[in-house]
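Trainee: First to last, the sequence lines map onto chains A and B.
Each residue of the first sequence is one higher than the one before, starting from 1 at the first, in the UniProt record's numbering.
Each residue of the second sequence is one higher than the one before, starting from 1 at the first, in the UniProt record's numbering.
These are calculated hints, taken from the structure and not from any lab test.
Note that CB positions come from ideal geometry on N, CA and C, so glycine has one too.
Careful: at least some of the hints might be erroneous.
[Said to hold, decoys possible] One-sided and incomplete, this derived list gives chain A residues near chain B with beta-carbon spacing under 7 Å: (1) N182; (2) A214; (3) A345; (4) S346; (5) V348; (6) V435; (7) S455.
[As the list claims (entries may be wrong)] Simulated coverage check for chain B against chain A, where a stretch passes if three residues somewhere in it have a Cβ under 8 Å from a Cβ of chain A: (8) 586 to 595; (9) 750 to 762; (10) 803 to 809; (11) 835 to 844; (12) 887 to 897.
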Amino acid sequence: MKTISFKIISIHQLLLFQAITIVCLSSCDSFVEVDLPKSQLTTVSVFDNYSTANAALSDIYSKMRDQGLLSGTASGVSNQLGSYADELTCFASPGDPTLPFYTNTLLPANSTITDYWNISYNQIYAANAVMEGVERSNELTAIEKGQLKGEALFIRSLVHFYLTNLYGDIPYITSTNHKINNAAEKIKVKEVYAKVIVDLESAIALLAPDYKNAERIRPNQFTAKALLARVYLYNESWPEAANAASAVLNAVNLYAIEDNPSIVFIKGSKETLWQFQPSASGKNTDEAGIFIFFSSPPPLVAISNNLITSFETDDLRKTNWTASISDGTTTWYHPYKYKEFDYTASSVEYSVIFRLAEQYLIRAEARAHQGDLIGAKEDLNVIRKRAGLADTEAVSGQEIINAVLRERRWELFTEYGHRFFDLKRSGEINSVLSVSKAGWNSTDVLFPLPQNELSINPNLRPQNSGY
Amino acid sequence: MNIFSFYKDGKALYCLFFIWLCFSFSSLYATNSISRSISFAQQFQVQGTISDGSNPLPGVTIAIKSKGNSATISDYSGQYTLSASPSDTLIVSFIGFKTILVSVQNRKTIDISLEYDTTTLKEVKVNAGYYSIKESERTGSIARITAKDIENQPVTNVLATMQGRMAGVSITQTTGVPGGGFDIKIRGQNSIRSDGNNPLYIIDGVPYASDPIGYNQTSSTFPSVTSPLNSINPDTIESIEILKDADATSIYGSRGANGVVLITTKKGKGGKTVVSVKATTGAGTVTKFMKLMGTQQYLAMRKQAFVNDGLTQYNPWDYDINGTWDQNRETDWQKEFLGGTSQITDLQATLSGGSDKTQFLLSSSYHTESTVFPGQYMYKKGGTQLSMSHRSEDNRFKLTFSAGYNIQDNDQPAYDLTSSSRYLAPNAPALYDTSGNLNWENGTWQNPLRFREAKFRSKTNDLVTSAVLSYEILDNLVLKSNFGFTDLRHEETRTSPSTIYNPAYQLTSAYSGIYLNNTDRQSWIVEPQVSWEKEMTFGKVNILAGGTFQSQTTARLYQFGSGFTSNDLIYDLASAATVRVLYSDDALYKYQAFFGRINYNLQDRYIINLTGRRDGSSRFGPGNQFANFGAVGAAWIFTKERFLKEISWLSFGKLRGSYGTTGNDQIGDYQFLDTYISSGFNYDSNVGLQPSRLYNPDFGWETNKKIEAALEVGILQDKIFLTAAWYQNRSSNQLVGIPLAGTTGFQSMQANLDAVVQNTGFEFTVRTQNFNTQNFKWTTSLNLTFARNKLISFPGLSASPYNEKYRIGEPLNIELNYKYTGIDSQTGIYLFEDINKDGAISFPEDKQSVVDFNPQYFGGLQNQLSYKRWKLDFLFQFAKQENRSYYNGFAGQMSNQPARAADSWIKSGDNAAQQIYTSGYNEDAVTADYLYNQSTGSITDASFIRLKNIALSYDLPLGTKSTQCQLILQGQNLLTFTKYKDGDPEFIASGYLPPLKIITAGIQLTF
């Protein structure tokens, strides 16, 4: 019995063995092929469809809102450049990333400096990827393509503009090709400006004057013009700056100065050119979260004495846009442009990146430089009037220019580093900050290039001087 | 597909099973029938007792030579009974003892005393994965530890059990927090990718993915994210084999480059059903604190810093010296935060037994461990292991099944307090106010204990099952298949409740948040194999061929919830005002291979071993999926040669060598795809899409060529046993996430790099049996490794992103440093060599001094002593290495410093070790300090000798043979000798809790 059953088994077993062998050999190639994972879309298919292409673009805005230079968090430039210049006094504990900004002791390996760089170029990559994807797409309409490409160009120019103002000579990245970008060469600040202007002009040609929807959370043609006005101003191209600002200021059907300073930063402000939609409904701005405090001493930063004492008496901005906390002996002030610290039923305030007041001040300065003193004063007085102040008493061109710069300090404080950039371009930075900041060095006008970048890309060497 | 075909032929198995069932019943009557059928051969009953000289041995197999079916096993009192004829010879065998042959010669009572098989370790069968081989006949390099060593150690991680015990295996504990990880390198770093150097882990034939299951937002307590390896329960392990050279690893092909760790779990033994219960309790503390400044020294430093900076007034925020904080307070923050005692308890129970055909083992364990941090934190681990082995009456069919299920539950603070304990000013305020609430001292400090409610919690459920079925279809032809299934479910959270903020900020639970990580991983594997073995006149041949089909799915879901109505609801995601999915993905990894081995053994003298594998992996793009690997190994047992037989002192001698290739596919899944992925962020009513990666479809396998030559010598009946091995591994076509400039938009991209990395080394092991008498036994083993890692070639290094990271001819684990030259006696600032003579210390030109962080040599020295009922086992681990001293920022700011920094430069002409203090306004000093920490000045000797493990046990004399009671005392890291000043010398990332010093006491009952 044993032998008989054994034979049956061996036949079965041999069959099994054969079956396994056949399966093994036949499935050889297909077994290790895997399908696309459920969470990923091929790049080609993303740009075959407007809604996914739009999602690729709008993701850049949420990134800009949450991280990097333009974010309203403590790591954004509103806080860091406020501390770096003379707007804010820092009270943070040792180890806090704001502290080296405040003491002007940034080192090449500083993680915020590195993050600004990496996050910015990641945003630029995403913008370039949208442009390239849109270019290749056969499915998107010309109008859709224009809008997507226009916004991507706007993002690319905006981020490069900030980078060059912080780091000086930088590479201008226009493709997603890592082989080129990995060894990208620095170009001079002037050349960066030229490229920013070219990009912005293309963006203006592509973007529609109207907003995509009721909330001004996507840049339109006028936002691009507003940035262009700022670029020309920094570049000291006065007529062009005045023209670009005028184009924005003339769009009276869209924009107007809000008479009441306390509603300038709310979601529906008529003064807003471009604002960030918060990450969740009911959430308000990150700026409110980092600047407002309820007890003393301040947890992170407070407005510097220097700034708070500079306000003219009765300036509504001091009463509306700052608030104070006192422990009986000392009083601390915090920025109060954004007032909603907590969640609200629906969001009340959005972070405003571009607003009309800046355009008036740009045109005032540009007009003064061109000798149009009356026009300059008119523009300046629009801003002073809203602040509850009398018309300017400045007479000469230089007096008006100085008055505009002072006004910019009061109007635009703790907004995206305006004060630092204004000090730089006016040439006053060393004389002003070496007095008010114990750690200030003349080489601090530029950030160090990130150590890691220098080590990877020799074309970025040498390091900025002083580091 | 192949599973299906297996089931299709399942009838055969049922048939087989049924038949064996019949046979196994018949065996109940076998004694009768056999004795009847061969009664003419004068059968009679032989009986006796088997002992080890003093104690009876249960479970010993007694068989009759050349009579396959007549065997028995000794009972619990060592007694046996067996039918035999006068001419028969008994074969008495038991694991761990020498097998002996005894002629019956008409005796009816034969008492047998077995000798411990300590000298013939070379006869032990070593697991080589797809096959096992006698130690003396192996051609490859395999290191091994067994349960005996593992059980001596009060540790919970499988890698901890191997520390210091194996040549060529360097293991570093990365944190002393329970549930944390270990870093392992087998024969050095092969891959430039820092996360591409993990060995392949195999538990009972089933690959166990060691890829991390943590998430950096949740595993914040540890220096690296959670590893699944903690799930493996060391108590269930019978042996761990590490395969190192090409001969041993090539059969694992693409996954063998970094070595293979084979874990074999315990199996039941036949004989009396044995119950063993063990209870242990103990305590752990930090091995060594860093010597920091006290309040006096610290305040003197701070004041001097302001004097140095020319400042006469303290800033309002210099609370430590401006009078806000008590100037006379002094707290040892290390003692406060890390000075606690970790309580350890461990319970284990094992039940095993069976017959000589079927054996089982069931074990359970439960372990708890608290931490040294202040607060109630607990790590709990429990598990069950079941194994069942069966072989048919005719020994043709064999089945082994084992299943292990382990649960871990970890509750830890979200942040390690080690770095806080080192930088806090010694006069910083009290942690609690008089009413017992957290003290914020009017907002002048960030109380480190604010994070006590911010918790890291994890739960891991892990199942590993395996089955091996084999059937000998024809004589010497065995058909076999491994089946495995693993299922790991891991859940991890980190909370950030509003209580971490000063209550004065008035942040409510609307500001509380929770990060969640759910990672589930399932895999199955089927490995059909056929092996054939034949002893012929011209030698012994072993042939093995097989295939592997493996599929692994990893599902990851990372979420963030914020805005709670109450902090008590923080673990309830449904109560969060906002929930964001940060990452959601199912990754499928498929792997397929064919492998084979041919082993030829001529006269037990000349052995040649050929192995090969063809691998396919879904991790590569079309066209790059398949690759071939293979190796040849050979051994010559020269002591078997006639001309050496005369030398009596030389008991064993073997020369072996191997050469072959292996590969590495540890790069993550889908890296070759050009895709977009959801970012999880909302904008303008869209969930954003972001580019997944910089894509490169063309990367392929990394290959690793290994050569080894070794000599094994046994002297004086193997009382001294030496192994000396030399190896050289070269990995090329390096598959790396090449670091890219930020201007590319990303930090890295997957690609092959035409660089060659070489690891060479000498490994020595010596085992001596110093004493081996009835009462006193003493063996010593030493392992010593000299390893050298070297970047051999790297075309275009100077133009590559690695140009300031690597140097040709130097190891990978180097750092380029500024060369520290001393302190400028005039300015008191650190000086560095200005190599390019440009008058400034510039990067990268002046940062060129190479410092190697690899150990020059490392090893372990183990002694095992036993005297009557006492056993003592201790292991010293040592390493010769350098590391960086701890960095607390520049001296003079509000951050404590090592006590040695008190010796600072103050005035012109001073000769001090510490540069001028600054409160932060002396930019030259701040910069010099920053450079100092990247200079040779901060490199220090971090060598150590440490009493890694000590275990003492005593068998209570109970007077009964059936019950044993053992008292056990164990210690881990009890003594450390080191010159390293900044705490424990064992770390990879600084600022994390060092390994703990543990002492435990336990009792084990076996009956």
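Trainee: The structure should be examined with respect to each hint, and the outcome stated for every one.
Mentor: Hint check results:
1. N182: The hint holds - N182 (chain A) has a Cβ within 7 Å of chain B, the shortest such distance being about 5 Å.
2. A214: violated, 11 Å
3. A345: violated, 11 Å
4. S346: violated, 12 Å
5. V348: This hint is violated: V348 (chain A) lies away from chain B, its Cβ roughly 15 Å from the closest one there, beyond 7 Å.
6. V435: Violated, because the Cβ-Cβ distance from V435 (chain A) to chain B comes to roughly 14 Å (cut-off 7 Å).
7. S455: holds, 4 Å
8. 586 to 595: Coverage by chain A holds for the segment 586 to 595 of chain B (8 residues, Cβ < 8 Å).
9. 750 to 762: n = 0 at 8 Å, threshold three: violated.
10. 803 to 809: holds (count 3)
11. 835 to 844: That given contact holds, which follows from 3 residues of the segment 835 to 844 of chain B lying within Cβ reach (below 8 Å) of chain A.
12. 887 to 897: holds (count 4)
Hints 2, 3, 4, 5, 6, 9 from the list above are not met by this structure, while the remaining hints are.
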